[in-house]
Amino acid sequence: MTNKVTLYIDNLSYQVPDNINLLQACLSLNMDVPYFCWHPALGSVGACRQCAVMQYQNEEDTRGRLVMSCMTPVTEGMRISFNNEKAHTFRATNIEAIMTNHPHDCPVCEEGGDCHLQDMTLLSGHIKRRYPGIKRTHNNQYLGPFLNHEMNRCIGCYRCVRFYRDYCGGKDLNVFSSKNNIYFGRTESGNLENEFSGNLAEVCPTGVFTDKPFSKHYIRKWDLQSSPSICTHCSIGCNIYATERGGIIRKINNRLNQDINGHFLCNRGRFGYQHVNHENKISQVWSRDHQSNKTHALDNIHAHIKLKKWLNESNARIIGIGSPRSSIENNAALHKLVGAHNFYAGIAKNELTQLNLLTKTYESNQINLLSLKEIEQTDTVLLVGEDVTQTAPRIALSIRQMTKNRGINKAEKFGIKPWQDEALRNITQDTKSPLIIINTHESKLSDVAKQNLNLSPNKQLILLLEIETYLVNNTSHCSELAISIASDLLNANNPAIITGTHSFNIELLSACLRISAILKKQKNNSGFYCATSAVNTLGLSLLCEPEQDITHLIESIESEPPTLLVIMETDLFRYFSDKKLTTYLDKIKHIIVIDQLITDTVKMADLVLPATSFSEQNATLINNEGRSQRAYAVMPANDMRQTPYKWLAQHNSLDDDHKLYQYIQSIDSLLQPLSQFKSINKGDFTSARQPLRSSARTAFFANVDVKEYAPICDDKSNLTYSMEGVSAFRQKTLDNTQYKITTPVTGVWSPKWNSSQAINKTSLEDKNESDLAVKIFNTASAVPFEIPTAQQKTYNQPLNTISVCPHHHIYTNDDLATFSSSIGELAPKPLIHMNQKQANYLSIKSGEKLTITSNEYQISLPCEIHNTIADGVILVPFIEYIRLGTNIQVPSNYTDGEYDD
Amino acid sequence: MNSKQKNCPKKPLTRFITDDDNCWQLNQYKSFGGYEGLQQALTLSGSAVLDEIKESNLRGRGGAGFPTGLKWSFVPQGDDAPHPKYMIVNADEMEPGAFKDRLLLEKTPHQIIEGLIIGGYTLDADIGYIFIRGDYYTAIERIELALKECYNNNLLGRNILGSGFNFEIHIHTSAGRYICGEETALINSLEGKRANPRAKPPFPQVAGLWGKPTIVNNVETFCNLPHILNFGATWFKSLGRFKDAGTKIFGVSGRVKTPGLWELPMGTPIGEIIENYAGGMCDGYKLKGYLPGGGSTDFLLEKHLDTPMDYDEIGKQRSRMGTGTIIVLDDKYCPVAMVLNLVKFFAQESCGWCTPCRDGLPWAAVLLEKIEQGKGELADIQQLEDLCKFAAPGNTFCALAPGAVEPLQSALVFFRVDFEQHIEQQSCPYCNSDNLEDGDDK
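Protein sequences, first through last, are from chains Z and G.
The first sequence runs 1 to 901 under the numbering used here.
The second sequence runs 1001 to 1442 under the numbering used here.
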């Protein structure tokens, strides 16, 4: 808990929390204190000197002393002046000095209108240039598909390198040279390697790093329409602002949610949106005529007639496939249409079993479910079986911050606060909170790990079981390694177990859950976090029984082909081999696919209903920690696209929101909290998706028609598709307690603060968007559940078998993101990875092809050697791993020999 | 401690320097009483040695003049103190006009090493570093050999001279940045990081190199330690002619008859140094002003010549003693050109961290260049004054920029006429008055 202190600013008294610096205090009091090098997540370093204020010893002191507010802790009774003339002159000269080398290219700079430097320059009163010299110039670099580089605009705030290196652990961006010639870039042109590089576009206070995909369809900030949304590219549910103009999604900005993403998004989340604008998006209803073997467009009415006919055929057997990347509403509508027994989740068999285990454990309240913010506050993390840096990267960033906690505690003894970044790092040096990683290979978190244990899945399990045994009995039969890890967990105040479903290893997951449960009994502050595959995977799993997965679906089709298969936003070809799937789908009379993009599954359909993208629908999504979040459409649905639940509304008798949400609640009691989304309180005011009226956006379609058409009405939220309504977070200054859920903020803006830095102008309490979310796992009412113990046979498997494991990659794991050209550019070539020992054993050399087969699928890919991969492990690309399914075999002639373990 | 019945020297720092080329070697050093101070120290407890240093009133010779004993007393002591602790000799002498450390480094490497070992013993430190300017080839070579001699003679390593005290010394040659003279930038550099100064607190005494307690002092400061231990604090205090204790190596450069270095008592008046030791101005040149303590100190004038070279006394005249190496400006050299040269140097040496230094100094350099080239406007003088205020102490991250504008701000006061003449005449009034070759041969 923080206490409040009283401070006097220009002789007026204010109350602020005592754990912040003076700059943050002033900003939260809505004062326009200019700054550059400070960032709420990166702390203070005192480099730019822009936030200077006059500090006085006491009431009698009239002389004062200039201090940098970002470097000054607030103390009880402190007296400062912001308006003091000397302080003002200093700030004015400072910005004049900063601007000596800055080009006058605002009109052609993409940061213009969204530029912290522009805002601060105006705030500080610098309007005339006195510096008579020549500006220094730099060469720019190619930094990959995500960012432009224009070093001449650099003002030397050092935020980029502090973010990239100190916060994200990146190595390939640095500051070079010295004096006023400092250069922020790479040693040579090339792709920025870090998964969070895209944030530099927001971290940079001016236009040095700008969003490159945005450049390709650039629009000024004031011409963008924006709404609060949820990132759909992994299971975390990061909060974003989607921005649009002319039916095209232009860029994704971070939306601050302190509990989840904080200030930063991963590159997949920031740049994965381009599927919305993709040329393969479906914009009308397509119907296949089997006689002529041709496809033709249908209008709305005929589409529904066809749908109705197929649904009502005599002897109709209808099966539906729900989607883990689609909303609860859409999945529930399909669930109602086909009936609970005929509803299958587009989730792999093993993952659905894992999800079932997770939700039951979460409901039983045996473990503490963590948020990303809480992960950052833990002091020991055991990360098991999941390369979160690739599957759900934002978690990795939080884990990286966690490792700093021991250093923060150390610095506290020197009186150094966590935000005193530079001092903190000098004291911390190599001190790190323990992070122990158990996985098949090293990851991008390995550099901050105390231990990287690269083990085959079986050995991972044995180690976990030993840890479990030790935690229960304290026996000395365990290996030293197990004892040391268990001791780390026991020595911690709030240890966390973090894992994911991407290993598809149910035993490993249940071991993690049991360890968490045991830890919780001993340490109430311990916690657990599990990444799942997609944004609504956990939500979808609540709509089905454990056997309603995609493998059981195929079995069901095989045993009794349905007359109608309705596939919603699921590309079955990501799960099965072409041959196998085509055989099964051919047995079905009618296939309806509701999807956004032309996938291989869509090509098999008899009727294609165009679905809205995340940017065109209001949706409720439940993330991996059971946080149900609301995403809002940023634009009306294009062409014939409709939100899937609307396509089905005529046929499933859920024709209004009230009925829909009532049905959702009836499926599972955990979904009760979603009831608050059913009635939209249009309230006394609306929020505008578009910014202030000062723009020329009404001229956008003037080449087509000079009339300004009435904006499309959004009856599902109190946001407008126009400038009418309260803009940005100005409304936060209103007393909005009674509108908690229904007043989302559509952007970040504050008077005089046009860049996203305006987020720092809100009061500290107001910053959180988490009031738009509801956690479904209620700790108050626990449903008893016993986490299954390990089955003897599994870990007694012979150790010398070769395990084929999935290899994840941030830019290939998510199917929608792969439609983004910028992301596609960085997608790695599909390869099989193993260590040298393994390669020797298989008599295979780097670059040679290895063939791996399963019951119905075969892959043949070149090999690459990585010696951090565990013995006995062969890594295959995630997509191929899924298609391989069960019974994977490395050709038998290899496995004959004794494997030297 | 009582002053021993020894032949107490008047010029302790240079007493080992003879005409013999090998006077820097261990045997010669010892023959003049070298390492007696260390032996004396080893008979005492660390805290007793620290008390002696405090008692001596020794002030840091790097320029700031901070009392050495006080600085050292902030280092955590006792059994639960963090280890290793580090002692660092700042031998990265790069102040314009300063060449005093070079003399000590080349001629008396053992004196420095002895001082460093005493320092290490005082604070129970484990490792010493000599952070030396990379261009001081001779000094580097000699220190490396001297260190070898020490290791071979049990003056370094484990159980030094049977005392049970262990101490290692490493030499680190600097890559050549002025900012490394700033102790926290030096520490960053030693850690392999950019030589940017660090935020304080924490001070290096509690969290310095690798986050451990660290002391950084100038070469000359360390050189005083053996003598304080050897001859006592009372003797040391008696050396000074004014308030400050001990002697100091003073230097004079510029158009004086015999520029050079001399070990003189603290408090020796400036005029005496210039007249008696540097031989006064060269024929045909008059004294116009001088920087009393190197390139980053304010100008003083003829009227200040009576001021004793004493930290506080020079401070009263609104300048600083700095390194005690006086740079003389004569009446035929353009003061604007001199200031431009200095500001350019400091702008070049800015680490690039904070705005007033990184962008303010080059701006000042541009304005000075403009004036010197005869393109100046009167408004430029105002801008220069603004920039001096802009880079005032407290406004910047470290002391580089405030030091850098010291000669400029005082020149704008004392030599304002020269600035105005440049602007009025639209040319440098000194352009034909001087023949640089003449004066520079000394």
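Source of the hints: derived by calculation from the structure; they are not laboratory data.
A few of these clues could be false.
What the hints assert, rightly or not - Here are the simulated distance ranges between beta carbons:
1. G:Glu-1141 - Z:Gly-77: 50 to 60 Å
2. G:Val-1417 - Z:Gly-77: 43 to 53 Å
3. G:Gln-1348 - Z:Gly-190: 42 to 52 Å
4. Z:Asn-58 - G:Lys-1054: 48 to 58 Å
5. Z:Arg-65 - G:Glu-1168: 57 to 67 Å
6. Z:Pro-711 - G:Leu-1378: 56 to 66 Å
7. G:Leu-1378 - Z:Arg-65: 42 to 52 Å
8. Z:Arg-65 - G:Glu-1424: 49 to 59 Å
9. Z:Asn-525 - G:His-1083: 25 to 35 Å
10. Z:Asn-11 - G:Lys-1375: 42 to 52 Å
What the hints assert, rightly or not - In silico contact screen, one side only, chain G against chain Z (beta carbon under 10 Å); selected entries:
11. Trp-1363
12. Gly-1394
13. Asn-1395
14. Ala-1399
Remember, it's a predicted structure, so these values are computed and weren't measured experimentally.
The C-beta atom is built at its ideal place from N, Cα and C for all residues, glycine as well.
Okay, the hints, checked on the actual structure:
no.	hint	result
1	G:Glu-1141 - Z:Gly-77: 50 to 60 Å	holds, 59 Å
2	G:Val-1417 - Z:Gly-77: 43 to 53 Å	holds, 49 Å
3	G:Gln-1348 - Z:Gly-190: 42 to 52 Å	violated, 30 Å
4	Z:Asn-58 - G:Lys-1054: 48 to 58 Å	violated, 32 Å
5	Z:Arg-65 - G:Glu-1168: 57 to 67 Å	violated, 42 Å
6	Z:Pro-711 - G:Leu-1378: 56 to 66 Å	holds, 59 Å
7	G:Leu-1378 - Z:Arg-65: 42 to 52 Å	violated, 32 Å
8	Z:Arg-65 - G:Glu-1424: 49 to 59 Å	violated, 39 Å
9	Z:Asn-525 - G:His-1083: 25 to 35 Å	holds, 33 Å
10	Z:Asn-11 - G:Lys-1375: 42 to 52 Å	holds, 46 Å
11	Trp-1363	holds, 5 Å
12	Gly-1394	holds, 5 Å
13	Asn-1395	holds, 6 Å
14	Ala-1399	violated, 14 Å
In the structure shown, a violation is registered for the earlier hints numbered 3, 4, 5, 7, 8 and 14, in ascending order.
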